[in-house]
Amino acid sequence: MDIPGAKELVCRSGLRLQEQGLVARTWGNISCRADENRFVITPSGITYSRLTPDDMMVVNIHDLAFAGNTKPSSESGVHAGIYQSRPEITAVIHTHQAAASSVSAGRERVVPLKGEAAAIIGHNINIAGYALPGTRKLIRSALNALGNNYAVLLGNHGAICIGTDMDHAFKVAMTLETACQEFVLERFSRISGIRHPDLTSLHEWYLNTYSGR
Amino acid sequence: MDQSTIREHLLTGSKKLTDTGIVSARSLSVSFRHKDKMFFVPVTPEQDGSGAIGVMDIARFSYDGNDPAGFENQLHCAIFKHRRDLNVLIHSDQVNILTSCRAGGTIPPLLDDFAQLVGVSVNVVDDQSLPGDKAISKILHALKRRNAVLLSNRFAICGGKDFDDALATAQVLEKGCKADIETKCLGGAVRINKIEAYLMRWVYLFKYSKLK
Chain Z
1 MDIPGAKELV
11 CRSGLRLQEQ
21 GLVARTWGNI
31 SCRADENRFV
41 ITPSGITYSR
51 LTPDDMMVVN
61 IHDLAFAGNT
71 KPSSESGVHA
81 GIYQSRPEIT
91 AVIHTHQAAA
101 SSVSAGRERV
111 VPLKGEAAAI
121 IGHNINIAGY
131 ALPGTRKLIR
141 SALNALGNNY
151 AVLLGNHGAI
161 CIGTDMDHAF
171 KVAMTLETAC
181 QEFVLERFSR
191 ISGIRHPDLT
201 SLHEWYLNTY
211 SGR
Chain R
1 MDQSTIREHL
11 LTGSKKLTDT
21 GIVSARSLSV
31 SFRHKDKMFF
41 VPVTPEQDGS
51 GAIGVMDIAR
61 FSYDGNDPAG
71 FENQLHCAIF
81 KHRRDLNVLI
91 HSDQVNILTS
101 CRAGGTIPPL
111 LDDFAQLVGV
121 SVNVVDDQSL
131 PGDKAISKIL
141 HALKRRNAVL
151 LSNRFAICGG
161 KDFDDALATA
171 QVLEKGCKAD
181 IETKCLGGAV
191 RINKIEAYLM
201 RWVYLFKYSK
211 LK
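Those protein sequences? They're chains Z and R, same order as listed. The numbers in our numbering rise by one with no breaks, and the one at position 185 of the first sequence is 185. The numbers in our numbering rise by one with no breaks, and the one at position 13 of the second sequence is 13.
Heads up, a few of these hints could be off.
Stated by the list, open to error - List time: in silico BS3-like cross-link candidates among lysine-lysine, alpha-carbon distance up to 27 Å:
| # | chain 1 | residue 1 | chain 2 | residue 2 |
| --- | --- | --- | --- | --- |
| 1 | R | 161 | Z | 71 |
| 2 | R | 35 | R | 16 |
| 3 | R | 184 | Z | 114 |
As the list claims (entries may be wrong) - Chain R side only, calculated, beta carbon under 7 Å to chain Z, not exhaustive:
| # | residue |
| --- | --- |
| 4 | 59 |
| 5 | 101 |
| 6 | 104 |
| 7 | 111 |
| 8 | 112 |
| 9 | 168 |
| 10 | 186 |
| 11 | 188 |
Treat the hints as calculated values from the structure; they're not laboratory data. Every residue, glycine too, gets a C-beta built ideally from N, C-alpha and C.
Take the sequences, apply the hints, and build the full model.
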């Protein structure tokens with residue numbers, strides 16, 4: 001993909017990220033591979049609704065070099081690491097989606113998937129250990145936990161979803177969200193004994209068990 | 001900003017809140033600071049018909065128990081008086097926030113965007129048995145160094161420097177409450193270290209909140 005096309009795609013996809021409720025404000029980031037040495041990524045700290053294609057940053061996959069005064073997303077290192085280790089991947093989305101974020105904050109370290117979700121994402125989704133945003137520790141932790149899957153949960157943070165193209169990455173993100181919510185309800189069913197759990201019964205159980213703490 | 005621009009700004013912001021589901025139309029309570037005055041929607045625009053804007057003078061605010069503006073507007077005025085960093089206050093009654101309001105306690109920092117945008121924790125304040133001035137004082141204390149507070153059995157008050165900021169605060173608070181509730185089913189929660197939570201809050205306040 002040429003650079004102008006990649007910039008257009010990333011800009012458009014940033015708005016999509018916000019419209020689909022996968023991020024709020026400036027959080028999260030999104031990139032696509034432009035060629036074997038470069039990728040295009042959203043800049044740091046600017047709301048998606050104010051971005052134009054010209055604001056997108058071109059970053060070197062191998063050394064994270066970029067041109068201009070604006071900084072690329074602080075998670076560029078994670079994106080670059082994925083592009084280096086997974087040559088088939090051309091799109092990376094970092095989201096703060098709600099259900100995946102809940103699971104990322106829990107003590108379960110692996111989320112087993114079944115059926116269509118497993119086919120799309122992978123059979124066992126790992127939760128990477130917590131690390132401060134933008135750090136090398138986060139990069140190492142995320143890449144180790146990602147493995148050959150198409151998504152990884154970042155502890156106390158959110159998710160990284162990847163794809164062979166941008167639509168694939170978004171499909172992974174939406175599938176992950178549904179799978180994480182189902183995982184929570186499945187665990188709720190185990191501890192409560194409720195056979196057909198839903199969020200209403202989960203909240204009722206929570207209030208009966210934890211009110212007045 | 002003239003009055004009609006302020007009216008437009010307030011009604012546009014209110015519509016954004018109801019459209020995104022941050023608050024239901026029946027619970028809408030929004031206020032906005034412009035210079036030293038607070039502008040608020042006195043009733044829902046549909047009921048009032050005119051989209052009238054209430055005005056209170058923040059500098060001369062005082063509570064005497066008979067003020068016709070009502071407790072919530074007095075509370076907003078007091079918050080604006082004590083928090084120069086907040087220019088918009090909204091109420092949110094999203095589902096996880098409401099459950100947390102009913103459960104009580106404190107919402108811990110389980111997600112790093114929560115620590116950055118909302119605060120290192122959020123308190124649920126039980127103020128309903130208190131007289132107005134004591135209730136306001138208790139809520140102000142609970143709001144210190146935070147952008148949100150939960151009122152027991154009622155709703156959350158979320159603040160920001162503008163409507164988008166207040167909206168994001170409400171969205172991230174809802175997500176944080178959801179994580180607090182749902183991790184109870186996942187063997188408990190892994191909390192972010194307090195020092196790291198404060199560090200992230202500081203970096204957000206002094207770095208990212210200044211970017212466009």
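Using 7 Å as the Cβ threshold, decide whether residue 101 of chain R counts as touching chain Z. violated, 11 Å
Can residue 188 of chain R be said to touch chain Z, with a Cβ gap under 7 Å? Cβ of residue 188 of chain R sits 5 Å from chain Z, so the hint holds.
Does residue 114 of chain Z lie within 27 Å of residue 184 of chain R when you go C-alpha to C-alpha? Status holds; Cα separation ~23 Å.
Does the nearest C-beta of chain Z fall within a distance shorter than 7 Å of the C-beta of residue 59 of chain R? violated, 31 Å
Restraint status (C-alpha distance of residue 35 of chain R to residue 16 of chain R at most 27 Å): Roughly 23 Å between the alpha carbons, so the hint for residue 35 of chain R and residue 16 of chain R holds.
So, as I understand it, the hint says residue 111 of chain R touches chain Z; can you test that by seeing if any CB pair is closer than 7 Å? Interface hint status for residue 111 of chain R: holds (5 Å vs cutoff 7 Å).
Grab the minimum C-beta distance from residue 186 of chain R to chain Z and call the hint holds if it beats 7 Å, violated otherwise. Check passed: Cβ of residue 186 of chain R comes within 3 Å of chain Z, closer than 7 Å.
Given hint residue 104 of chain R near chain Z, where the shortest CB pair must fall under 7 Å: holds, 6 Å
If you take the shortest Cβ to Cβ gap from residue 168 of chain R to chain Z, is it below 7 Å? Status holds, d = 4 Å.
Restraint satisfaction for residue 112 of chain R [CB to CB of chain Z, less than 7 Å]: holds, 5 Å
Assess, step by step, whether the Cα of residue 161 of chain R is no farther than 27 Å from the Cα of residue 71 of chain Z, and give holds or violated. At roughly 24 Å apart (the allowed maximum being 27 Å), residue 71 of chain Z and residue 161 of chain R satisfy the hint.
Of the numbered hints given earlier, the model fails hints 4, 5; all others are met.
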